[in-house]
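For the record, the sequence lines run as chains D and V.
264 is the number that this note's numbering gives the last residue of the first sequence; the numbers go up by one with no jumps.
515 is the number that this note's numbering gives the last residue of the second sequence; the numbers go up by one with no jumps.
Since the hints were made in silico from the structure, they are not lab data.
Straight-line distance between alpha carbons at most 27 Å, and here's what the computed BS3-like set of lysine-lysine pairs gives:
{"#": "1", "chain 1": "V", "residue 1": "Lys423", "chain 2": "V", "residue 2": "Lys355"}
{"#": "2", "chain 1": "D", "residue 1": "Lys111", "chain 2": "D", "residue 2": "Lys97"}
{"#": "3", "chain 1": "V", "residue 1": "Lys514", "chain 2": "D", "residue 2": "Lys97"}
{"#": "4", "chain 1": "D", "residue 1": "Lys178", "chain 2": "D", "residue 2": "Lys244"}
{"#": "5", "chain 1": "V", "residue 1": "Lys420", "chain 2": "D", "residue 2": "Lys119"}
{"#": "6", "chain 1": "V", "residue 1": "Lys428", "chain 2": "D", "residue 2": "Lys97"}
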Amino acid sequence: MSKEKDYIIKVEHLNKHFISGGNDIEVLRDINLQIKHGEFVTIVGHSGCGKSTLLKIMCGLVSYEDGVVERNGHAVDGPGPRCGMVFQEHRLLPWLKIKDNVGFGLKGLPKEQREALVKEHLELVGLKGFENSYPHQLSGGMSQRAAIARGLANNPTILLLDEPFGALDALTRIQMQKEITRIQREQGTTMVMVTHDIDEAIVLGDRIVVMSARPGQIKDIITVETRGQGHMRNSDEFTYYKKKIYGYLFEDAQEEQYEVEYMI
Amino acid sequence: MKTIVRKTIVALIIPIILILAWFYATTRGNIPDGILPSISKVWQAFLEMVESGQLQGDLLVSLSRVVKGYLCSIVFGVVLGALIGMSRTMKELLFPLITVIRQIPIIAWIPLIILWAGIGEESKVVIIVMAAFFPILVNTENGISQTPESYREVAKLYKLSQWKTFTKVYLPHAIPQILVGLKLGLGTSWMAVVAAELIAATSGIGYRMSDARSLMRADVVIVCMLVIGLIGIVMDKLLGSLFSLFTPWKK
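So that you can see chain D by itself, here it is in the shape it has in the complex (with noise of 0.2 Å):
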């Protein structure tokens, strides 16, 4: 019983169908999978291949029918404010101030509660000084920052990430995973990060998991012994689980007659 406490979120043989169209699509099938507190998990895979809809499912943004998802060991049955949320596109509301925005989620809070936990979560990723600023006023790796303030300043036991750096320029990106590296070390948030960027993966999984392309199937979970140790991207591990992953996907596309999306 305690060992199953120790897990944030539980998974256990989800299949997800879509009707589109009058087709029915499977989008993912037999998902097992198990996130435990503090671990940082990277889903990586094709275009499509499901994973933001799982991420979805875990938030309790899309439904399921099929299977087991459990957070903090209870059933799913929607949003909830310990299960913060970072979407590939920033998502700040154009009309509301930075502040405003990282505040979002916060309820029936006083006023100062709300804003010193406003002003701690901008100093976290860096955007002191902006709080009075409009979201088109941030370049997009700002407003990205902006979002996981938005996503942390509920305090959330953890923090999903739908390809929140998919859209940023390749510097930019990696400047980025440095940065949620450094949050995550010192907020201690269990963060799952979905990404189609196989060097992102390695760098900032515990633990990897890797899915087939539609319907999604998880391939391997591949833990990450060397994490967090600063040369990782010109280690002879980080070569391996990239070769190991391309391994993965690239059968899949060969299977499947898929065109593959990566370049080396």
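Following the hints, position chain V against chain D.
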């Protein structure tokens, strides 16, 4: 700066030609005053109307009707537009009907409204409400229902109540579009009041024109027309400059 000067000059070419033609026709031609009075006669009429206070009085009557009708139509239009924009059932219930009714020009409503509400103040206000209501409603509905799924999902993620979702997500998203509706609505209500007063009224700028026509005072008619156009532009610009106050997040 240069482009502004150039634009102004280009924009003035045709009006200047028209004024010259008017001047030429009335000084060299043999056109009776009852058809086309000279520019100086029109100016004279304008001065007389201002001095006697008649023009100001007429405008005040017409504008107060516009204000009453316009404010009513804002309330009806925004509330109903928001309801239709938020609820699919409401849209299915009301939108087809609204689309059909909109096709009837406002002028065509005037006889029936006069039969029902007489030729007093009420009928004018009703006509204005009818004229301004539809552009406001349609634009509000549009702005609300076009709120992107991505923003709605954020509200869902943070479990905002229906009302909070409306005030924090739908309404702000719709504001620019609602303002477009308000602008169009003001224009149509100004046109509608003139039309209503032309047909049945005992006061107002439209009545003044109708009265002047029966007295063969084309100069007064032209003064009224020019003033109506001018007021229309001024109202449009005023409202336009108010817009930036409502959307501080826009550049």
